[in-house]
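Student: Residue strings, one per chain:
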Amino acid sequence: MKNIPVESIIQEVKKACIDSNCVLRKDISLALRRAHRRETGRAREIVGELILNSKIAKKEMMPICQDTGITCVFVEIGDNVHITGGYLNEAINEGVARGYRDGFLRKSIVEDPLFRKNTRNNTPAIIHTEIVKGTGLRIRIMPKGGGAENMSRVKNFSPNSTVAPIEEFIIETVRLAGANACPPVIVGVGIGGTMDYAGVLAKKAFFRAIGSANEKPFYDKLEKTILEKINQTCIGPQGLGGKTTALAVFIEPYPCHIASLPVAVNMSCHATRTKEIIL
Amino acid sequence: MKRIQAPLTKETINSLKAGDLVLISGTIYTARDAAHKKLDEMVFKGMPLPFELKGAVIYYVGPSPAKPGKPIGSAGPTTSSRMDSLTPALLKAGLKGMIGKGRRSKEVRSAIRRHKAVYFAATGGAGALLGKRIKECDLIAFFELGTEAVYKLRVEDFPAVVINDCHGNDLYEQVGGIKCYD
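Keeping their order, the protein sequence lines are chains G and U. Number 279 marks the last residue of the first sequence (our numbering); no jumps. Number 182 marks the last residue of the second sequence (our numbering); no jumps.
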């Protein structure tokens, strides 16, 4: 049995909220630089602005984007871990509240979806917990902005569907999102599971690094094909034309019911922010 | 690159064409979802607004908090379409400029043309860079809305691109048909 005090969870979550919001992921930073070399004219200027923006954010430790998001948290806790001095979810929420306060991050959460009163500390976080074997505690943080999130879609396909209409659904989602999702975008796709679980898969997909291969060769090839087709739409940076509409497509497949084939497309912008904590 | 002053004059609005890159200096006001709802109600009831709407530019933004000694935090645009249903009434009441990101509805586009106004887009996701172009920030209304309150901003060389001009042109529509590969 391994003891982990809540105070260390609070401190690490706080730090992860601040770091993820102010420092652009390295793989995304490299992808933007590649896009900058490829583009010309207005598209090149916009990508250049995003690169400069990330430099200012890092230097001044201010948010890359003012929308510092709803804090999505994915926890994997070993069955031989004992949290001491409090409760896991409370510790995560306390870490979020401190991070958003001390990091001067925007508080974007309302306590009721219809009555819309701001909670003023960016909690509650959306917490997904999985119990795994062992004595480890892995907490992955993803502040998710509203602009791209709003353009995401879920659809139930017929189990007899071929891949082509699924591909078209993903590309159409990017097209309908247009400038609203702040292209260049990153597209997370969950295929299978249930309607709700497909969405979780799509979101978890954003933890993958750009350039990393999908473990399953079929899906790896499909990701590349869809990415190429998305970039052929020429929607471009900020929807103002260009070669770089998406930086990556990540697909997460999962077993599902004989009657079902749900597909969730979660949209994210260049400011896809993630941070991993291992305790 | 054109340098323009806010509030906007008729001459400035007339000179702007979809696709023009502009640097905006002067006074603009923030208002996003919750503030729009309140402003629209006030216009509907004929109540005085917290700022002079005639010639004004509204920036759709919910900034991140200012660090000590800074006027504001990060401050990039939010999605404009959420303000669409509440915008024609504000244009009718004298609003002349809007800064946001993304396409506007048909109703807003025709109201922009009818009332001789202009819609700009700023780079979504460039919040740190855009926040640096805001030199002063004063809370002027709806304190209880937090980041969604109305702030009066003094901007210097705030970069934006004209999407909808007063002549009926739409940049998103114009670039919609372009090919980026040979």
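A portion of the hints provided could be inaccurate.
[To be verified] Straight-line distance between alpha carbons at most 30 Å, and here's what the computed DSS-like set of lysine-lysine pairs gives:
| id | chain 1 | residue 1 | chain 2 | residue 2 |
| --- | --- | --- | --- | --- |
| 1 | U | Lys152 | G | Lys107 |
| 2 | G | Lys59 | U | Lys152 |
| 3 | U | Lys92 | G | Lys58 |
| 4 | U | Lys10 | G | Lys107 |
| 5 | U | Lys67 | G | Lys14 |
| 6 | G | Lys58 | G | Lys26 |
| 7 | G | Lys26 | U | Lys70 |
| 8 | U | Lys116 | U | Lys152 |
| 9 | U | Lys179 | G | Lys117 |
| 10 | U | Lys2 | G | Lys243 |
| 11 | U | Lys70 | G | Lys14 |
| 12 | U | Lys67 | G | Lys229 |
| 13 | G | Lys133 | G | Lys216 |
| 14 | G | Lys155 | U | Lys38 |
| 15 | G | Lys107 | U | Lys38 |
| 16 | U | Lys70 | G | Lys107 |
| 17 | G | Lys243 | G | Lys229 |
| 18 | U | Lys37 | U | Lys70 |
| 19 | G | Lys59 | U | Lys67 |
| 20 | U | Lys106 | G | Lys15 |
| 21 | G | Lys107 | U | Lys37 |
| 22 | G | Lys117 | U | Lys17 |
| 23 | U | Lys10 | G | Lys117 |
| 24 | G | Lys229 | G | Lys155 |
| 25 | G | Lys58 | U | Lys135 |
| 26 | G | Lys15 | U | Lys135 |
| 27 | U | Lys116 | G | Lys58 |
| 28 | G | Lys55 | U | Lys92 |
| 29 | G | Lys55 | U | Lys116 |
| 30 | U | Lys179 | U | Lys37 |
| 31 | U | Lys92 | U | Lys10 |
| 32 | G | Lys117 | U | Lys2 |
| 33 | U | Lys92 | U | Lys38 |
| 34 | G | Lys133 | G | Lys155 |
| 35 | G | Lys55 | G | Lys117 |
[Unchecked claim] These stretches of chain U come out as covered by chain G in the derived footprint (C-beta under 8 Å, 3 or more residues):
| id | region |
| --- | --- |
| 36 | 36 to 45 |
| 37 | 169 to 176 |
Please keep in mind that the hints were generated in silico from the structure rather than gathered at the bench. A quick note: this is a predicted structure, and the numbers were derived from the prediction, not measured. We treat Cβ as the ideally placed atom computed from N, Cα and C, and that holds for glycine.
Student: Next, verify each hint and record whether it holds.
Tutor: Each hint, compared with the structure:
1. U:Lys152 to G:Lys107: Given that 30 Å is the threshold and the Cα spacing comes to 20 Å, the pair holds.
2. G:Lys59 to U:Lys152: holds, 27 Å
3. U:Lys92 to G:Lys58: Violated, because 42 Å separates the two Cα atoms, which is more than 30 Å.
4. U:Lys10 to G:Lys107: The given pair, whose Cα atoms are some 38 Å apart, is violated under the 30 Å limit.
5. U:Lys67 to G:Lys14: holds, 17 Å
6. G:Lys58 to G:Lys26: holds, 12 Å
7. G:Lys26 to U:Lys70: Satisfied, since the Cα-Cα distance of roughly 28 Å is no more than 30 Å.
8. U:Lys116 to U:Lys152: Holds - the C-alpha atoms of Lys152 (chain U) and Lys116 (chain U) are around 23 Å apart, at most 30 Å.
9. U:Lys179 to G:Lys117: The hint is violated at about 45 Å.
10. U:Lys2 to G:Lys243: Given pair Lys2 (chain U), Lys243 (chain G) holds - Cα atoms ~26 Å apart, limit 30 Å.
11. U:Lys70 to G:Lys14: Given pair Lys70 (chain U), Lys14 (chain G) holds - Cα atoms ~22 Å apart, limit 30 Å.
12. U:Lys67 to G:Lys229: violated, 42 Å
13. G:Lys133 to G:Lys216: Given pair Lys133 (chain G), Lys216 (chain G) holds - Cα atoms ~24 Å apart, limit 30 Å.
14. G:Lys155 to U:Lys38: Not OK: Lys155 (chain G) and Lys38 (chain U) at ~35 Å, beyond 30 Å, violated.
15. G:Lys107 to U:Lys38: holds, 20 Å
16. U:Lys70 to G:Lys107: The hint holds at about 18 Å.
17. G:Lys243 to G:Lys229: holds, 11 Å
18. U:Lys37 to U:Lys70: holds, 29 Å
19. G:Lys59 to U:Lys67: holds, 14 Å
20. U:Lys106 to G:Lys15: Between Lys106 (chain U) and Lys15 (chain G) the Cα gap is close to 44 Å, so the pair fails against 30 Å, i.e. violated.
21. G:Lys107 to U:Lys37: holds, 20 Å
22. G:Lys117 to U:Lys17: violated, 40 Å
23. U:Lys10 to G:Lys117: Roughly 39 Å between the alpha carbons, so the hint for Lys10 (chain U) and Lys117 (chain G) is violated.
24. G:Lys229 to G:Lys155: Holds. Lys229 (chain G) to Lys155 (chain G) sits at ~20 Å (cutoff 30 Å).
25. G:Lys58 to U:Lys135: Cα-Cα ~20 Å, so holds.
26. G:Lys15 to U:Lys135: Holds: Lys15 (chain G) and Lys135 (chain U) sit about 29 Å apart, inside 30 Å.
27. U:Lys116 to G:Lys58: violated, 40 Å
28. G:Lys55 to U:Lys92: Violated, at roughly 41 Å.
29. G:Lys55 to U:Lys116: violated, 38 Å
30. U:Lys179 to U:Lys37: Distance ~39 Å between Lys179 (chain U) and Lys37 (chain U) Cα, so the pair is violated.
31. U:Lys92 to U:Lys10: holds, 15 Å
32. G:Lys117 to U:Lys2: Between Lys117 (chain G) and Lys2 (chain U) the Cα gap is close to 41 Å, so the pair fails against 30 Å, i.e. violated.
33. U:Lys92 to U:Lys38: holds, 16 Å
34. G:Lys133 to G:Lys155: violated, 34 Å
35. G:Lys55 to G:Lys117: Violated, at roughly 34 Å.
36. 36 to 45: Violated - the region 36 to 45 of chain U has 0 residues with a Cβ nearer than 8 Å to chain G, which falls short of three.
37. 169 to 176: Coverage by chain G holds here, the residue count being 3 at a Cβ distance below 8 Å.
The structure shown violates the earlier hints numbered 3, 4, 9, 12, 14, 20, 22, 23, 27, 28, 29, 30, 32, 34, 35, 36.
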